[in-house]
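The chain contents come next:
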Amino acid sequence: MEKPQEPLLSVASLTKSFPGALALDGVDFTLRAGEVHALLGENGAGKSTLIKCLTGAYRRDSGDIRLSGRQVDPRDTFEAQALGIGTVYQEVNLLPNLTVAQNLYLGRQPTRFGMVGTRRMNAGAQALLSQYGLDIDVTRELSSYSVAVQQIIAIARAVDLSGKILILDEPTASLDAQEVRMVFDIVRALRERGLGIIFITHFLNQVFEISDRITVLRNGRLVGTRNAVDIERLDLVTMMLGHELSQETIAHRAAHKSEGEVAYRFRDFGRAGTIEPFNLEVRRGEVVGVAGLLGSGRTETAEAIFGVRPHASGSAEKNSRQLELSGPRKAIAAGLGFCPEDRKTDGIVGDLSVRENIVLALQARRGWARPLPRQEQIEIADRFIDALDIRTTDREKPLRLLSGGNQQKAILARWLATNPEFLILDEPTRGIDVGAHAEIIRLIERLCEDGVSLLVISSELEELVAYSHRVIVVRDREHVSELTGEEINTDNIVRAIAADSQPEQAR
Amino acid sequence: MKSRYLPLAATILIFVLAYALCYAQFPSMLSTRVIGNLLTDNAFLGIVAVGMTFVILSGGIDLSVGSVIAFTSVFIAVVLANTGLHPLAVFALALLIATAFGAAMGAVIHYLEMPPFIVTLAGMFLARGMAFVLSIDSIPVTHPFYDTLQSFYWRMPGGGRLTLIGGLLLLVFAVGILIAHRTRFGANIYALGGDATTARLMGVSVGRTTIGIYALSGLLAGLSGIVFSLYTTAGYSLSAVGVELDAIAAVVIGGTLLTGGSGFVAGTFVGILIMGLIQTYIIFDGTLSSWWTKIVVGVLLFVFIFLQKGILWLSARKAAALHHAHGS
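These protein sequence lines are chains A and B, in that order. Sequential numbering of the first sequence, starting at 1, is according to our numbering. Sequential numbering of the second sequence, starting at 1001, is according to our numbering.
A couple of the hints might just be wrong.
[What the hints assert, rightly or not] Residues from chain B shown here face chain A by an in silico Cβ test under 7 angstroms; the list is partial:
hint, residue
1, G1059
2, P1140
3, R1184
4, F1185
5, A1196
6, L1258
[Unchecked claim] Per the computed footprint, the stretches of chain A lying under chain B, defined by three or more beta-carbons under 8 angstroms from a beta-carbon of chain B, are:
hint, segment
7, 109 to 123
8, 373 to 387
Since the hints were derived computationally from the structure, they do not count as laboratory data. Heads up, the beta-carbon is just placed ideally off N, CA and C, and yes, glycines get one too.
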């Protein structure tokens, strides 16, 4: 190396836009050989867009990507691979039905006279994996090994194919503490070998454990790059959430405590591996906010309550009567409603009309044997289109043709049509414009005046402060603190999120 | 035992048990004569089932093969009757047409992103229709070369005859096994059946592989048509109706997952033997209606569907247990 100072990868003022959104806005990023560089940011910050520009999945609009000083412009993942950039994703991108060896050598098997040398391939695979401390039977199918082992095999393949830069996109999301240690040992060994490693995760503990430097993105912009040893957790969370401390301006609206009686009570409610058991009481007409970083267990809390991924421990009560919440149907019958975070995949049925989407949950509760009369459906749909101001030319228009905010309102209407007593909203204001934003917040306030209990999950701390009577803070899949009354302000929420958990990872 | 071998083991076990039952009732069924006839009588079905195995391993289906067999046999008969071409040249021409036909279907499936079911259904009507265009009558083949070919056989110990087409069946299976397990093309077929998106990300050329798979299926359907022509010494556009379904049945009974990605060409061979064995039993019995073949095949298919579900369920549970063992 003649110029040791020169970074392995340098990205300068990278810009990428999609119709209606600027995903990356002049982002700079550098990666040195032999460092682990964590890339952090909430959903929509631009992490995955940056990665996709590097791996050739997207073409950048403008900006400069240099690999060892040479300008590159990968057109697809294979070109990126040939340049030396390899990626390992959260969901293992290997084939479970092939053997480990076949997975490692697919497309580049050693051949002689056109025939694959299976024995040579297996020996090569064995030798390759032994570099990673794995001594396994490479002739077994990939699916017979745990996710951690599969992840290591994916890393081995990526490094073997590319060998300069390794991008790890949330590789530890579905691993437990011991498996994470296994993967980290390998990452450290690769760092020693001089690879540049970009590491994306939501777990702050892991960031501090393994990273040399940290870059934070927010809303497509670079917030900053810091050395891991120089930055406090609190500062890091502030960078990610974009809230300047001691700049408290928005007053807490609901300073009064909700006086309603307890409507729903959850005791030791949880599911091992997704959310630690929690206790939760929700009063009539109360808004309980849930704050935490992405992947901290916010959505998992909602999913456990609604029975999407049913709880494994604890019990639930409604008005002091035992309640069974083993699945969404039971939950709907008990008066619950749930607007999921990703409405594109979990909520809307895009090809059905606005009317059909609105009556969907109501019809589900009645059962298929008692269809809602058409006239009644029209009345309900019209009432909510009017009440929530859903902008559509026609109630029979397919829902996918509406804007994000109006889709969100249609889903809200779906649950409101069932007259829910307890409504769970997961990120109700994500990806909708400012006007619709304010309307949704007004709607939340109106609902709680009508006596509906609400559990609202949001990354927008100001928003949570504005409408919550109480705020639950979730960290590392655990409910860690609860803020009430005057305690509710963004400062306190950020502190609670950033507070260091136990040094050893609890599991 | 590795779980991927379970369906194959089950198939072999069923075959051995069935053969033992047959032997107990009719001891003469255990002879090379019976085996030789079994191979000869099922040669055309077996050859086309090899192609079907590749298609199903890739997660697809090919409904056109029965019609392609009929078309090929009519094509050969018509050309031999009306021109002076040597049968070998006609065979080559027929194989070329059948291969191109399969490749075209593969291209439509890949480039137009159409489900294989619909594309090959269209191919099925098209090939059958073309056969009718050539001739609506049954045309006998009376070429001396056919007699020569039919006179080739190897007398096995015990008096059984391994005919040319029976030998061809064994050869096709041997080559099929080599392709499946010892070539990159074979590995790509399994990869495609596992998950096409992931396979593409891992560098498999999905287009080339898909076209190759259906071209191979077309080629083997054409070869099967030639064998059928030798077997019946005639070409008739209404022949080989439903052979594609028999081939699919043989593949599934042979332990290949209909969802793709898991199975063996060798399993299909045993599947063919099981189906042939049932027919032989019915012939030996003499009183049973030939429809019993269909009934037993139907029951076997159900058994294999349950078996496959059971194995999937078991391996899912094992994976969960594995995860827990690591987690604790």
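Results of checking the hints against the structure:
For the restraint placing G1059/B at the interface with chain A, the shortest Cβ-Cβ distance is roughly 11 angstroms, beyond the 7 angstroms limit, so the hint is violated. This hint is violated: P1140/B has a C-beta 41 angstroms from the nearest C-beta of chain A, more than the 7 angstroms allowed. Satisfaction of the interface hint for R1184/B is found here, the shortest Cβ-Cβ separation to chain A being roughly 6 angstroms, below the 7 angstroms cut-off. For F1185/B, the interface hint is violated, since its Cβ never comes within 7 angstroms of a Cβ in chain A; the closest pair sits about 9 angstroms apart.
Because the beta carbon of A1196/B sits about 10 angstroms from the nearest beta carbon in chain A, more than 7 angstroms, this interface hint is broken. With its C-beta approaching chain A no nearer than about 14 angstroms, L1258/B sits outside the 7 angstroms limit, and its interface hint is violated. Only residues whose beta carbon comes within less than 8 angstroms of a beta carbon in chain B count, and the segment 109 to 123 of chain A has 6; three or more means the coverage holds. For a cut-off of 8 angstroms, the count of residues in the segment 373 to 387 of chain A with a CB near a CB of chain B stands at 0, and the three-residue condition is violated.
Going down the numbered hints, you'll see the structure goes against 1, 2, 4, 5, 6, 8, while the others check out.
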